[in-house]
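Q: Below are the chains, spelled out letter by letter.
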Amino acid sequence: MRNYDLITPEGTKDLLFGECIVRRNVENKLLGLFKSRGYSEMITPGLEFFDVFNLNSSYFPQENLYKLTDTKGRLLVMRPDSTMPIARVVATRLKDAVLPLKLCYDQKVYRTEPALKGRSDEIVQAGIELIGSQLRIADLEVISTAVDSLKALGMPFSLEIGHIGIFKALVGKLDVSDHMKEKIRSRIETKNFPALNDLLDSIGSGPVIDALKKLPALFGGEEVFEKAEELIHDDSITCLLDELREIYRDAAEICGSDGEITVDLGIVNKTDYYTGLIIKGYLQGHGEEVLSGGRYDKLISEFGYDVPAVGFAVNVNAIEKVIAKSGELPNIPTADAVVYAEPGCEAEAFKTARDLRAQGLIVENALFEDLDSVREYAMERKIPKVVVVDGSGKEEE
Amino acid sequence: MSRPIRMALTKGRLEKDTVGLLEKLGFDCTAVREKGRKLILPVPDANLEVVLAKANDVITYVEHGVCDMGVVGKDTIMEMNGKFYELVDLGFGRCKFALATKKGYDFYGGYGIKTIATKYPNVSRHFFEKKGMDTEIIKIEGSVELAPLLELADGIVDIVETGTTLKENGLEVIEDVAPISARLIANTVSLKMRQAEIERLINMIEENL
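First to last, the sequence lines map onto chains A and B.
First residue of the first sequence? That's 1 in this note's numbering, and the numbers climb one at a time after it.
First residue of the second sequence? That's 1001 in this note's numbering, and the numbers climb one at a time after it.
Since the hints were made in silico from the structure, they are not lab data.
If you're wondering where the values come from, they're calculated on a predicted model, not measured in any experiment.
Take these hints with a grain of salt, some might be off.
[Stated by the list, open to error] Restraint-style ranges between C-beta atoms, simulated for each label pair:
id, chain 1, residue 1, chain 2, residue 2, range
1, B, Arg1125, A, Pro45, 33 to 39 Å
2, B, Ser1143, A, Ala217, 38 to 44 Å
3, A, Gly220, B, Asp1176, 35 to 41 Å
4, A, Gln62, B, Lys1054, 31 to 37 Å
5, B, Gly1036, A, Cys239, 23 to 29 Å
6, B, Thr1165, A, Asn64, 34 to 40 Å
7, B, Tyr1111, A, Gln62, 28 to 34 Å
[To be verified] Which chain A residues face chain B? A few, computed with CB under 8 Å, are given here:
id, residue
8, Gly118
9, Ser120
10, Pro194
11, Asp201
12, Ser202
13, Gly220
Glycine residues also receive a C-beta, built at the ideal position from the N, C-alpha and C atoms.
Produce the complete structure using the sequences and hints provided.
A: See below:
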């Protein structure tokens, strides 16, 4: 049998030193930001029952889940997402809490990614969920938090907004099977114009078909709304477009010149759990979105509590990658001093070191038998000061 | 000017056809034509950088966003899947996936599980899954036509252009699986971050197809 005792499983890795500093910095920035906006942190278990992720409106294909069983033989999964567990908690322990609830999290999720593709199976997501408000201002609150999160990273970004309701309303006007609707959706999602056109031509013609054909091309700046209005003359959809346009304008104002707000009416995620607004955040130099989220008004009701919600998650690993690409890892802070105890003075030396630490210094206790070795160690580690404790008071070098 | 748009081309025929198309648009592709052994080549007047890669790698580079766009066959896209936008059917590199057997063989007859030899296990699996048919799929790297001749497999799923190779080996197409042609794909973030440049290029390409 082969022994795998010296490596980590595919899709996982050890983080060392500077890499940890980068991760914690990103996490602290995001969590700090969420908390400063009144969000309270939640931590949910890494293991959940499979059933939590197997609801009607969720989309977690079983082949992408890490599965195991508990001692009673029940199917468990390594949490593939944080929103579903949070929905579970909201529908149970927080059922009587005052609304709106503002929750945030920073935890790992696990999904099996195809092998040898350079993807992680273990990803840290930091995000928020705003529960109990259907108002436009709640959408704007979440967008504004997303903008501030991307801003906090200090890199050029763009935040894209869309609305799943536009696609759903359009496709709802066609008299076709759910299977056909799904085919249309997947071709819009991949902006596969040739296949989409062929498919829609086979269904028929008319203004709805024309609008669906153009939907994946409707992305960019505010001009998108004008193009959409020319194409779509349905009152309920026009109303959605007007709402989205207002949100777009406000978001652009909140964003200012550090980043860019864009719109894409052709974002139509496979997961059914989004019901309205959809947002995606991008950083220059990373090939996938680093932030994604939206409104999911029907999800929590599947756990038995009918309450609207909106939120997003940031992929912390992706941000680490962008940071690592853009420059060097931060230096690991070295100790300010190392304290050496002459024989018999060990206890005093540990107390001396403690006093120095109380002044805010990073202080090591020397773990050598003679002073020369300590000096050598300090030189190698670039520690500027050796403190010798010999019982007669302190001697410093 | 910002970093050139990087376009990954599938080495070989699709590369030549794409270079032909770029030249038709009026871009100077001398560097690509006289490439020697270089793998990254500039098309300066288009602010493009052409990257030459194997078909599967075109998708990998585009998915990761290290190349903004790519030209790759639908065959590779169907086999590999992945997350990217499939924007334009370039029309060249036309052929098809087909199911072929030894001439006169009754593939759908009997109740035994059929064995399929192919270089495209995902395409094959998907094709027979849709028919609700269990099959045994064996991956072959070289000339797939050999497998039924050596009686390793009942049929093959492979790319068919003219059908001459099949004919000369006593095989025949019994069913088309899917049409194939070259596609222009784009990274999902690049299309958004560099929308104006990419859209301009796509419009030019579409006008000249």
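Q: Tell me the hint numbers this structure goes against, listed in increasing order.
A: Those not satisfied are hints 5, 9, 11 and 12.
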